[in-house]
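The chain contents come next:
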Amino acid sequence: MELHNVWFVLIAVLWTGYFFLEGFDFGIGVLTKVLARDRKERRVLINTIGPVWDGNEVWLLTAGGATFAAFPEWYATLFSGFYLPLLVILLCLIVRGVAFEYRSKRPEEKWQTNWEHAIFWTSLIPAVLWGVAFGNIVRGVKIDADMEYVGTLGDLLNPYALLGGLVTLCLFTFHGTVFAGLKTVGDIRERARGLALTLGPATAVLTLVFLTWTQIDNGDSWSLLAMIVAAGALAAAVVAVAAGREGWSFAFSGLTIVAAVAMLFLTLFPNVMPSSLDDAWSLTVTNASSTPYTLTIMTWCAGIATPVVLLYQSWTYWVFRKRIGTQHIADAHH
Amino acid sequence: MDSARKENDDVDLALAPETLARWQFGITTVYHFLFVPLTISLAALTAGLQTAWVRTSNEKYLRATKFWGKLFLINIAMGVVTGIVQEFQFGMNWSDYSRFVGDVFGAPLAFEALIAFFFESTFIGLWIFGWDKLPKRIHLACIWMVSLGTILSAYFILAANSWMQHPVGYRINEERGRAELTDFWSVLTQNTALTQFFHTITAAFLVGGAFMVGIAAFHLVRRRHIPVMRTSLRLGLVTVVIAGMMTAVSGDTLGKVMFEQQPMKMAAAEALWDGQNGAPFSVFAYGDVSEGHNTVEISIPGVLSFLADYDVDSYVPGINDLNKAAQEKYGPGDYRPNIPVAFWSFRWMIGFGMASFGLGLLGLWLTRRRFLLPPAMRTGEDEVPHLVLFRNKALSPKLTRLYWLVALWTLLFPLIASSWGWIFTEMGRQPWVVYGVLQTRDAVSPGTSQGEVIASMTVFTLLYAVLAVIEVRLLVKYIKAGPPELSEADLNPPTTIGGHDDQDADRPMAFSY
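Protein chains in written order, with the working numbering: chain Y, 1 to 334; chain L, 1 to 513.
No lab work stands behind these hints, which were simulated from the structure alone.
Using N, Cα and C, we set each Cβ at its ideal position, and we do this for glycine too.
A few of these clues could be false.
As the list claims (entries may be wrong) - Derived lysine-lysine pairs resembling DSS-like cross-links, with alpha carbons at most 25 Å apart:
| no. | chain 1 | residue 1 | chain 2 | residue 2 |
| --- | --- | --- | --- | --- |
| 1 | Y | LYS105 | L | LYS393 |
| 2 | L | LYS477 | L | LYS70 |
| 3 | L | LYS480 | Y | LYS110 |
| 4 | L | LYS477 | Y | LYS110 |
What the hints assert, rightly or not - Selected chain Y positions facing chain L (Cβ under 7 Å, derived; list incomplete):
| no. | residue |
| --- | --- |
| 5 | ALA69 |
| 6 | LEU157 |
| 7 | ILE329 |
Unchecked claim - Derived coverage of chain Y by chain L (criterion: at least 3 residues anywhere in the stretch with Cβ under 8 Å from a Cβ of chain L; other residues may be distant):
| no. | region |
| --- | --- |
| 8 | 29 to 41 |
| 9 | 44 to 53 |
| 10 | 274 to 282 |
| 11 | 317 to 327 |
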């Protein structure tokens, strides 16, 4: 396999890792207003991701950095073209990180409530916007002969992309609900299960519509396979929730995200950002990529570093493997 | 008519995408870097204190670890989130830069994320939440991993920045219109990268040391938390003095590298308009940029030449000569950076840094170790140290108080110095974004509208201002509160990974958000 193809796969892997991990993070953020009944339950939810959300977010930074290094033209077109949506995502991620760290640092009611609002909105908005962004990437946007985005903000808010946003929001929230069922104990765990059963079928319908639309527009047999896996995994996740098999339901909701992202990248290849104005102007793995020399160095780095990262990140999840309930949350403020 | 048009041009220039994008980069980057040096140094200093706790089991070290660790966490949260912007800003506002340099510049950024960011972010989670989940030594290892992560991160991003200062290991591909990497090793190990790294890291420790001294002084002058603050004072002062010396040495080395690689930057730093032998170091200058000379100048002869290459008589080229040479080499244009900014930022960097180093040196002498003091001047663990000037002469209560207050009010001096240092480095390189290869005006995103850049600059500035107020108030609250009392759980860390064996499964977490 040629190196630019390897890097296309690696970029897909990084985004998949990001959506798998930050997916349930965002979901937990949304659940603080949907599932939690009081502050203590909100804190239970927040603490299920407390030690790991920061490491999860680095998958995004790595995806960004790796895109810059491996496909500079893609990086440049994407982030200058999707300027305002990306700006909103960045603002959300800034506030979100601070909200997690600072919420408990003052005892005042108003202080804590404000940060809790922030956690909800800054989890919900990026969960939508990433779907909108990827919907547009896959569908193709107005890119001219100089690889510049020449569309408007309105062009990005088309029905297909907006549906994509709704799908990522639902998928991430479902994924988060399943994660909450896996990581909590007590009443909230039961309610997480109930919510997952409500949320699951709705998510499945929306996801299926979006993926079918994608398949009809740009699909081939490989993307069809990925779509079937995604749909099957989502169904299996709901069944596992109903059967009370929390570990399996999380594995399957994760697999849904993996397969859905894989499908998007499969429909994209060999483009990285298709132009809706002229096929010849599309950014591809060849015309957007770095030199083989740079890609070789990057491959060595990723080849050695990624397994190590996976190893110590998994270890972290193992260290914090115990379920959390309201009894584990101290009243005293730190 | 002419003046009306000129005014119009000025307005256009003030709102030109290049100007706006530069302002945004300046604001977000200087802001981000307010948190970076403190993060780098406090990570290591906290790790040092925790090591002392693990080795000695002396509780004052654990209290100190918790106190400084808390301030470190409040600070790094801001460093992390403002760093996200840095990763994407190149693509947003500087897409032509990204296209041109991505093949070279992207790699160290990706390395930074893959190697350093993952390290930092994962192990900080383990450290924050791991007090009752990890055995003592493994928990200690986590904070050292965080520290290693911060230092690796600095190295990769400084290697990338050094390539902008002095591009090496690349060739220009005319057909693709971009720079392409040919030798990654030389990008990572060129002397610009190594000296910049050395200078930045030592300066970061100067920042952390002065911060520690200032806060210890705040408590000592009020006679509170004395054992912990005595230790912190000592650690801070030693850090300031060692880091201060090394910052000066590395700065001098970096200066010589810059005289060679970017003579224009150094000529601008000195407002040296015309080249001369035995060039003076200018203490104060006021000049006319358009005429290319100084109208007022106070200077010390020969010092600039000495700084350039250890020879007081050597020739140092001036701004006018260098500008002319650049015009011959690169075509018509103005190749001078903003001279007043370069001149004054260079002085403020050195001035604030040196002032802090001097105060630290004085403090270290005044609070010197027991065996250097006569018995009457020695103090115990729970006493505020006397400030002993000469053998049997302590400072008067008034002067003692003055010293503590000066230490407190100068705690941010090295941070100010480091901000000015970066402003000098980056603005002194103008009009180039990659020195001698790509000009800043050719680097901006052509498709990004004025409105978009204005919008993002405005919201970033407003959000950053609000967050600054929140962060500083939070720091002040925790500084004033002082080191926490230790709990039963603090003194009985688990011996197994994952927490205590389940004799009490409902035990509250030692730390929760």
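Would you check the hint for LYS477/L and LYS70/L, treating anything up to 25 Å between C-alpha atoms as holding?
-> Holds. LYS477/L to LYS70/L sits at ~11 Å (cutoff 25 Å).
Interface restraint verdict for LEU157/Y against chain L (beta-carbon cut-off 7 Å) = violated (16 Å)
Does the nearest C-beta of chain L fall within a distance shorter than 7 Å of the C-beta of ILE329/Y?
-> Hint on ILE329/Y: holds, closest Cβ of chain L at ~5 Å, below 7 Å.
How about the region 29 to 41 of chain Y: do at least three of its residues have a C-beta closer than 8 Å to a C-beta of chain L?
-> Not satisfied, violated; 0 residues make the cut.
Against chain L, run the beta carbon of ALA69/Y and see if the smallest gap drops under 7 Å.
-> holds (3 Å)
Take a quick look at whether LYS105/Y and LYS393/L sit within 25 Å of each other, Cα to Cα.
-> Not OK: LYS105/Y and LYS393/L at ~44 Å, beyond 25 Å, violated.
Mind checking, does the region 274 to 282 of chain Y have 3 or more residues with a CB under 8 Å from chain L?
-> violated (count 0)
Three-residue Cβ test at 8 Å for the coverage of the region 317 to 327 of chain Y by chain L | Satisfied; 8 residues make the cut.
Holds or violated: LYS480/L with LYS110/Y, Cα cutoff 25 Å?
-> Since the Cα atoms of LYS480/L and LYS110/Y sit roughly 22 Å apart, the hinted pair holds (cutoff 25 Å).
Given the hinted pair LYS477/L and LYS110/Y, is their alpha-carbon gap at most 25 Å?
-> holds (17 Å)
Quick one: see if chain L covers the region 44 to 53 of chain Y, three-plus residues with Cβ-Cβ under 8 Å.
-> holds (count 6)
Hints 1, 6, 8 and 10 from the earlier list are contradicted by this structure; the remaining hints agree with it.
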